[in-house]
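J.: Using the sequences plus the hints, can you model the full thing?
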Amino acid sequence: MSAEPRASPDPDPTGSPAIETRGLTKRFGERTALDGIDLQVPRGCAFGFLGPNGAGKTTIIRTLLGLTHATAGSMQLLGHPVPAERSQALQRVGAIVEEPRFHPFLTGRENLRLVAAVRGPEVHERIDPALARVGLSDRAEDKVKSYSMGMRQRLGVARCLLADPLLLILDEPTNGLDPGGIQEFREMIRAMVEQEGRTVFISSHLLDEVEKTCDAAAIVDRGKIITQGAIADLAAGGEVRHELILGVDDPQLAQSTLDGSELVSEIVPSDEGLRVVLTGGPETAAQLNAALVRAGVGVMRLEPVRHSLEQRFLQITSRLDASAAPEEVKA
Amino acid sequence: MNATVATQMFGADFLKLRKKRSTLIWALVLAILPIVIFFTVNAIEHASNSSHEAAGGINSFHDGVRLLGGLFFGPLVAILIGVEAGTTDSSDGVFRDLVVTGRSRLALFATRVPAALALCWSVIIAAYALILLGTFVFASNLPTPSGSLIVEGLGFVLLATGVLCTVAVGFASLIDSKPGAIIALIAWQVIASPLISSISSLGSGRNFVLTQAIAHFGPAGTKDARGTEVVMSGGTALIVILIWLAVFLGLGAWRTRTMDA
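Chains as they are written, first to last, in our numbering: chain A, 1 to 331; chain B, 1001 to 1261.
I should point out that these hints are in silico values taken from the structure, not numbers from a laboratory.
On a predicted model such as this, the values are computed, not experimentally measured, just so you know.
A couple of the hints might just be wrong.
As the list claims (entries may be wrong) - If you anchor each label on the Cβ, the simulated ranges turn out as follows:
no.	chain 1	residue 1	chain 2	residue 2	range
1	A	Gly-29	B	Asn-1002	38 to 48 angstroms
2	B	Ile-1037	A	Gly-54	55 to 65 angstroms
3	B	Ala-1126	A	Gly-54	44 to 54 angstroms
4	A	Phe-28	B	Leu-1159	56 to 66 angstroms
Ideal placement from N, C-alpha and C gives every residue a C-beta, glycine not left out.
T.: Quick look at the structure:
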């Protein structure tokens, strides 16, 4: 996949969020698919929209893009209220909803020509760069029915790029990609954000994918946003906790040395060693090491604990499951 | 939507239709094969029995126009292409990708009609040219159609197939099902229309059968193609055609504008 110049300038650089919803609600008969969603996606980042299957991820995307109508609430895309200014809002938005679909009897290039014709005359000149950007120039004249799933995903991204998008909305974009394709896709997303200044909104149920690709995320379940923020903050559960795994030659001596120390707030033995929560920032680790050495403890390992979004996600959803359980019993 | 965008969108819709090989092949077969068979059989009969009228000439011209405009084959071509135009985006799952460009859904619907007409009429004109070829090549000593009759015949087949093709685009967009739309329209055209037309107790109510209104504009020599004729004025026939077009284009546009993509 080749490099792409920055997205052309934003015609509305007001600093408004790329996506903003207030109380967004969507009901299908008795079933509430989106329940008062308040979402804010800042510009210039990769934002993950994370949730289990059936949580409402695709519904919010379809509602934002005007593929289905909201029951209540308001939304803005790139500063434009939708649906009132839907046409202007979507001019600089590229989207893949669910899986990318094409006319199978047309070539990759012909499929892009169809969308270019609908978007406007200036868009035709973006077809070749878009195909090159996703590495499909060599297969552009082949019919789409001969494409693999990975190639269709890439062609879907090329179709998004025809809009010279300030905002890309990608629904489960790594579905059907092999590990190499996922890695390539991840790099492309990061390049779009860091080098080209675009905002990328990715819905996914793959925690690892969001954690590796995105700067910030929202966790959604049963049509509600449970939490949102920077990935590191989400993983830490909103608290800034600095934790270490200590590998020492004498765990008991180490624990008695650190018990009552103002450097640590919590010490818990674990299979890996002693799990220690620091009272201060990462620099406290050096002081802790010095204290242990002074006490005659041999320190073999001193490793910061990386909070995983997966742990946090499971924590949240299991709590929700637990709180929902009594109702299910009643039902 | 300016003229440039409209032209490009028309070109895109036309590209989709002409590249859908199965539809195009069936349309060509339905339009051309009956005419080839008609002239071939008549030519063979004339060759083997000189008392049999020559395969060409004005009578064969009228029969050919009847095949293409009044009876099944031209309307079948129109239905196939119109339904394809009305459903291809949604059946291939591409409609939502067109909607997310921000282009109005009405514009997406509107460009389907001229694209369908362009392809339908290309096929019909090719078949009409074949009729003229057979008419003149096999005419022997029989009279041949005048220039004005040729133009009148062309106008009739274009009107008949164009109206049906447009109705098919609207109806297919409304029900959003290719097989459903094809079956319903063929059933209406081939079974229901002749049946309703034959019930004389319906009186002027039969004026609202589209094929009757269209047949009013057929060349004089094709009039017997109407089967059970319903007599109506030119104004009534025109109004009936316009009502059919307005109703089905309106319903198709409404459905395209309001459906979940």
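J.: Does each hint fit the structure? Answer for all of them.
T.: Going down the list of hints, with the structure as the test:
Between Gly-29 (chain A) and Asn-1002 (chain B) the Cβ separation comes to about 41 angstroms, which falls inside the hinted range of 38 to 48 angstroms. About 57 angstroms separates the C-beta atoms of Ile-1037 (chain B) and Gly-54 (chain A), a value consistent with the hinted range of 55 to 65 angstroms. Distance hint check for Ala-1126 (chain B) and Gly-54 (chain A): the Cβ-Cβ separation is about 52 angstroms, which falls inside the suggested range of 44 to 54 angstroms. Checking the proposed 56 to 66 angstroms range against Phe-28 (chain A) and Leu-1159 (chain B) shows it is violated: the Cβ atoms sit about 45 angstroms from each other.
Violated hint for the displayed structure: number 4, the only one.
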